[in-house]
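K.L.:
Chain by chain, the residues run as shown.
There are 2 protein chains.
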Amino acid sequence: MQEKAFQDFYPDEFSHCYGCGRLNAHGLKIKSFWDGEESVAVFSPEEKYMALPGFVYGGLIASLIDCHGTGTAAAASYRKENRPMDSEPPFRFVTASLKIDFLAPTPLGTALEIRGRVIEIKGKKVVVEAKLSAGKTLCATGTVVAVQLPPSMMAK
Amino acid sequence: MQEKAFQDFYPDEFSHCYGCGRLNAHGLKIKSFWDGEESVAVFSPEEKYMALPGFVYGGLIASLIDCHGTGTAAAASYRKENRPMDSEPPFRFVTASLKIDFLAPTPLGTALEIRGRVIEIKGKKVVVEAKLSAGKTLCATGTVVAVQLPPSMMAK
Numbered sequence: 198m199q200e201k202a203f204q205d206f207y208p209d210e211f212s213h214c215y216g217c218g219r220l221n222a223h224g225l226k227i228k229s230f231w232d233g234e235e236s237v238a239v240f241s242p243e244e245k246y247m248a249l250p251g252f253v254y255g256g257l258i259a260s261l262i263d264c265h266g267t268g269t270a271a272a273a274s275y276r277k278e279n280r281p282m283d284s285e286p287p288f289r290f291v292t293a294s295l296k297i298d299f300l301a302p303t304p305l306g307t308a309l310e311i312r313g314r315v316i317e318i319k320g321k322k323v324v325v326e327a328k329l330s331a332g333k334t335l336c337a338t339g340t341v342v343a344v345q346l347p348p349s350m351m352a353k
Numbered sequence: 198m199q200e201k202a203f204q205d206f207y208p209d210e211f212s213h214c215y216g217c218g219r220l221n222a223h224g225l226k227i228k229s230f231w232d233g234e235e236s237v238a239v240f241s242p243e244e245k246y247m248a249l250p251g252f253v254y255g256g257l258i259a260s261l262i263d264c265h266g267t268g269t270a271a272a273a274s275y276r277k278e279n280r281p282m283d284s285e286p287p288f289r290f291v292t293a294s295l296k297i298d299f300l301a302p303t304p305l306g307t308a309l310e311i312r313g314r315v316i317e318i319k320g321k322k323v324v325v326e327a328k329l330s331a332g333k334t335l336c337a338t339g340t341v342v343a344v345q346l347p348p349s350m351m352a353k
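Protein chains in written order, with this note's numbering: chain A, 198 to 353; chain B, 198 to 353.
I should point out that these hints are in silico values taken from the structure, not numbers from a laboratory. Worth double-checking, as some hints may not be accurate.
If chains are identical, the list can't say which one is meant, so a pair holds when it fits in one copy or spans any two.
No farther apart than 30 Å at their CA atoms in a straight line, the calculated lysine-lysine pairs in the DSS-like style are these [said to hold, decoys possible]: (1) K226 with K296; (2) K319 with K333; (3) K245 with K277; (4) K245 with K328; (5) K226 with K245; (6) K319 with K245; (7) K228 with K322.
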């Protein structure tokens, strides 16, 4: 794994996301890295993010897969162009669609691993499949259809 | 609309969810009500839940649709049995799958309306379709497949 996470390369103005922005003081600050052809993020949720005592709530699982997916989409786009993640212009993706299947209750109090794999990269669209595990238990799978940030979101 | 929200009828032990638990001090505490055949929740996100300045992050949108969906599933189950929501045994649902399509950037700083409609209710499963709007703009649609809380999640 490399030292800096995908999200650490986001320009400041795109680093305020509650899920993955390093400049969001209240957010999750998830960090994604390459591990060969897969991307991986490890995250230990605070107890407040529970569904019931002992279990992670689904919205957090969706957030982790979503932001890991858009991060993976950006990293894969640099890879495809064979240029480093600190080169210009920067890639920043948002989510067009998100599908999560919750396969098993996700325990709180343990590190969760989210692994991503790019299954399509074409034009401004990248599709990432993700698996979220707690130890050896596969808790959720997801598909993120990520698209490059539209100009309408850059205007503000 | 009635006074008490669907979530206000959840038993205490099922009221800790970050998205919808009235006993989670840090959570979103979303509140859902019937409006005829549809369920409706109105939510104004705090600024920290941004994707970029001025826009709501996708994980929050997923959370709102998710928890509004499971709440609607519970309320619909009482309706189907023609009994009030404070009667025993209580219904509490979790999400088996969640699909969100993000149609337009969701603005921050305005109330969001989430509307749900039950499209299937059968055995322990309820499928809810949801629309999330900001004013007249339809920002996201979602489908929640909700299932009754499995015994494995009650054990803790």
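K.L.:
With reference to the structure, classify each hint as holding or not holding.
P.N.:
Hint check:
1. With identical chains, the CA atoms of K226 and K296 are at most 30 Å apart both within one copy (21 Å) and between copies (23 Å).
2. Taking the shortest alpha-carbon separations for K319 and K333, neither the intra-copy value of 33 Å nor the inter-copy value of 32 Å comes in at or below 30 Å.
3. Proximity of K245 and K277 under a CA criterion of 30 Å is satisfied in neither setting, with 39 Å inside one chain copy and 33 Å between copies.
4. Taking the shortest alpha-carbon separations for K245 and K328, both the intra-copy value of 23 Å and the inter-copy value of 27 Å come in at or below 30 Å.
5. In the homo-oligomer, the alpha carbons of K226 and K245 lie at most 30 Å apart both inside one protomer (16 Å) and across protomers (12 Å), since each shortest distance falls under that limit.
6. For the identical chains of this complex, K319 and K245 are neighbours neither inside a copy (38 Å) nor across copies (32 Å), given an alpha-carbon limit of 30 Å.
7. Within a single copy, K228 and K322 get their C-alpha atoms as close as 21 Å, which meets the 30 Å cut-off; across copies the closest is 35 Å, which misses it.
In summary, the numbered hints that this structure violates are 2, 3, 6.
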